[in-house]
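Asker: Below, each chain spelled out in residue letters.
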Amino acid sequence: MGAIRVEHLFHAYDDGGREVRAVDDVSFDVEQNAFYTLLGPSGCGKTTTLRCIAGLEEPTSGEIELDGVAVVSARGIVPTNKRPIGMVFQDYAVWPHMTVAENVAFPLKVAGDLSGREIQAKVMDALALMGMEQFVQRRATQLSGGQQQRLSLARALVRDPKVLLLDEPLSNLDAKLREQMRAELRQLQRRIKVTTVFVTHDQVEALSMSTTIAVMNQGRIVQEGSPREIYLQPNSRFVASFVGATNFVTGVVDAYDDDTRSAYLSTPAGPLCCRTEHAPEVGSAVTVAIRPEALEIGYEHPGRENLLEGRVQVGLFVGDAVDYRVRVGDQVFRVTGPQRSRFHRKDAVVLHVPADECVVIPDDPEVPAGVQATVQDQGAR
Amino acid sequence: MAAGTQAPPSPPPPASTPMPRVRRRRRFGSRTVIGGLAILAVIYLVAGPLLMLVLTSFQDTSLGLVIRPPFPWSLQNYVDVFGDSGTYSAILSTLIFSAGSLLVAFAVSITCAWLVERTDLPARNAVFVLLVAPSGIPALILAISWSLLLNPNNGLINTLLRLPFGAEGPGPLDVYSLPWMILVQGMSLVPMTFLLITASLRGVNASLEEAARASGSGFSTIVRRITLPLLRPALIGALIYQFVTVVTALDVPLVLGLSGGVSVLSTEIYVASNPVGGLPNYGVSGTYGMFLLAVSLIPLLFYNRIIGRSQDYATITGKTFRPKTIALKRWKIPAVLFCWGYIALSFVLPMLVLLWASFQPYLGVWGLDALDRLTTAGYGEALGGAQFLDALRNTFVLGVAAALGGMVLAMALSWVIVRSRSRYRALVDILAFVPHALPGVVIGLSTLVLYLILPIPIYGTIWIIVVAMATQYISLGTRLTTAGIAQIQVGLEEAAETSGAGGRQIWQRVLGPLLRPVFLNGFLMIFLASIQNLTLPLMLGSNDNVVLSTLIWRRWDYGDVTGAAVLSVTMATITVIAATLLRRTTGTRGL
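As you go down the protein sequences, you meet chains D and Y in turn.
According to UniProt numbering, the first sequence is numbered sequentially starting from 1.
According to UniProt numbering, the second sequence is numbered sequentially starting from 1.
Just so you know, not all the hints are guaranteed correct.
As the list claims (entries may be wrong) - Okay, the calculated beta carbon distance ranges per label pair:
#, chain 1, residue 1, chain 2, residue 2, range
1, Y, Ala486, D, Arg311, 56 to 66 Å
2, Y, Ala99, D, Ser144, 49 to 59 Å
3, D, Ser241, Y, Val33, 47 to 57 Å
4, Y, Leu173, D, Thr141, 55 to 65 Å
5, D, Asp125, Y, Thr119, 40 to 50 Å
6, D, Pro79, Y, Glu210, 42 to 52 Å
7, Y, Val54, D, Pro79, 43 to 53 Å
8, D, Thr141, Y, Ile298, 44 to 54 Å
9, Y, Asp544, D, Arg117, 55 to 65 Å
Said to hold, decoys possible - Listing some non-contacts, in silico: residues in chain Y with all C-beta distances to chain D over 12 Å:
#, residue
10, Ala133
11, Arg162
12, Tyr342
13, Leu352
14, Gly384
Hints were generated in silico from the structure; no laboratory data involved.
For glycine and all other residues, C-beta sits at the position ideal for the given N, C-alpha and C.
With the hints as extra help, turn the sequences into a complete structure.
Answerer: So, in structure tokens, the structure goes:
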């Protein structure tokens, strides 16, 4: 049984007579000790979902179970302060009138079942865990942003919660600190083994930290999977474009080879061979997603398959790579070239993409209407 | 399905998916109760007196107030009031008096605020402190001291002016006239106006002005096109706020106007309900009250709209680096003379004359021989008796009780306004604002009438003044607490909740301590305002609930100049110190 079970969660409110569903039938399970991420653009319902788990919002309907205990069900709602959670807020929410130690001690003090000495020991442990021992007697307001972040994490962990809820905890930190905290947070979570739900709009955070990612859009989970699955096998145009940069090519299926699981398409950019598990119907139109880093750029290429001929429009040197825009036919491709490559504007180049890197998107609403039904069929298979 | 591929999402449910409602739990049940009680209390405090005011104005009360049915309904009061040509001259006087004092107050305040905030005026901090210090002096005391300076018979300035010409008799200046009333009232408005304007001037993000400078605008263009338009909402807001203050002011019209036969609406109300001889006519008084209420409510309708709109001007950024100061150059000396001349005139001179009068046995002709008469006998007499001690105790009780009651109510109301998602919060917002629109004389009158009728035995005691005072200052308190509570991020509360704290623990450990400075600040402001207030204690006064301000007025009215001066000096000392401490501890944030 999972540590968190969310079932058919709805959160609707009335906006001038119109019903708006911030969360629209969301269900998921989180395994014990997993790092589960809700990823999506602002307004997709991820924060509302998290706040429903915390009890800071009341869902319109649905069920939530934390550690085997129903906290939201038809029988009623367990108030936030009775749930076995620890939460870190985007703006830290560190109490300015308390010292660092008092902030961390708060959850233990209000619980009221530990002696002063035990509380002090646990507070020191929690602060040591975050490398904050030297700030014990500081006032919370005298800390930097990063330190406040650690403090609020220590506070969330001090009473050994069953579930750790993180609401965009890194988004207020500067870029360097964010990268550092990313690694630290993940290591910490592994070490202390606490089931974590993490909300973010940052795909890099989601990909690097999670065991499972749920991509949300318009109140629904549109894809759930491991970071690799989400990135390498996006199931929709939305997921492909939200999680990382993507080039989209639409084409018509000419043939499908069952042995190699390869689909042969003709596209405006040229013929493409794509590896795909779901056999698309011959003659139908499909969308293919190609990551910029999957494209190899060169003046020539030894292969014969999946070659796109184009001209360089611009090359942006970004340090660890060169970000090229290459015009192929009517379409401009984004290509990540090697750091030392030097293709110039108007250079005629050849782009190559391995068949494995061409992801056929099974369920794409932007595919012409006539083929919609076939795609739907495959989805249901 | 092969491993490594993701199952497509299950088809989305049709839009009409039934959503069985989760059973609601009452969130913060105790808070809802407290909020509800506060709303009821305010409705009682505000609506009760208002209702009485309306009812009284429609009754024939020439034979006294009728407290049991049948009520003698009648329009006679309105016929009397609006058929009397005196009413129209009172209205005209009120308008001239208000417009004039606002002009004085704003001209002085805008000039000084701009000089202090944006130029290289020398000793800016001293100017600031000395301009704000008189906020501790009740207008009553200011009026008394100007009467000592300028009364036509033996006013100090008149005596000095007559000296070179050897002239005799009264004059040449007469403080008991409309122009001088305007000047004195104007000066008493300056400290608060000045504070309001400096605060908003500081709030204007300097980078907005710097952007204009970088766009090639000169100094006068910036003031005209950027600074003033940005300040407009704040200026209009302050203007309307102070308009209500001045139309309803009783102190200056009472001390200076009545003696000179200049009558304004507030004095008409006072005189009708506290006649020198005969029965008080509450009906006529109430009718004047209705009219005054209308006069002060109309601009407040605009005030709310302006305050609402001013949020579009995102001028308050919290960044407080000072914009480049403007060099005054050859205007420096005139500016210094203006500021310090004004301080001498509005603060130093009145205080000195009070001090002088307090050491004189009686108000005689000014001159060198008066030096021989210097005596401290006045202090012994005025401060020694039981009357003074009673007044002191009453004043203290009044200040503490009104401040405590007002702030508790204000806190609860602000809580509803800021945090609740109830659809009644807009109503509560208005409700909390209404008492500001109620002129002190109207609150005084209607509270008086209400407790003549209600079987609650507080008539004639200090508690009736406490109730009226708390009513009067709920708006002031709510302004402070709403801002204070809004500053506390909801996250701090939610963090406590997710840490396992229940409602009571959140209040005890998080909200209470965080709100303490706001509460203290508001408490002190209401305390100070209450002990300075003359209107309500005077309207609701009896022999048993004399406070310092009414004691001063009684002495003065009785002709005991020395006693009034001694008490004024004592009270001004207390209040100026208290006001300065208040600003020291809280900054000017409270305004």
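Asker: Taking the beta carbons of Ala486/Y and Arg311/D, is their distance inside 56 to 66 Å?
Answerer: holds, 57 Å
Asker: Is it true that Leu173/Y and Thr141/D lie within 55 to 65 Å of each other by Cβ?
Answerer: holds, 57 Å
Asker: Is the nearest Cβ of chain D still more than 12 Å from the Cβ of Tyr342/Y?
Answerer: holds, 40 Å
Asker: Can we confirm that no CB of chain D comes within 12 Å of the CB of Leu352/Y?
Answerer: holds, 45 Å
Asker: Could you say whether the range 43 to 53 Å given as a hint is met by the Cβ separation of Val54/Y and Pro79/D?
Answerer: holds, 46 Å
Asker: Confirm or reject: Ala133/Y is not an interface residue toward chain D, with every Cβ-Cβ distance exceeding 12 Å.
Answerer: holds, 31 Å
Asker: Could you tell me whether the CB distance from Asp544/Y to Arg117/D stays inside 55 to 65 Å?
Answerer: holds, 58 Å
Asker: Look at the Cβ atoms of Ser241/D and Val33/Y and judge whether their distance stays inside 47 to 57 Å.
Answerer: holds, 51 Å
Asker: Verify the CB-CB distance for Thr141/D and Ile298/Y against the hinted window 44 to 54 Å.
Answerer: holds, 45 Å
Asker: Taking the CB of Pro79/D and the CB of Glu210/Y, does the distance hold inside 42 to 52 Å?
Answerer: holds, 50 Å
Asker: Grab the minimum beta-carbon distance between Arg162/Y and chain D and tell me whether it stays above 12 Å.
Answerer: At roughly 63 Å from the nearest Cβ of chain D, Arg162/Y sits farther out than 12 Å, so the non-interface label holds.
Asker: Is it the case that Gly384/Y keeps its Cβ farther than 12 Å from each residue Cβ in chain D?
Answerer: Its Cβ never comes within 12 Å of chain D, the nearest being 46 Å, so this holds.
In the structure shown, a violation is registered for the earlier hint numbered 5 alone.
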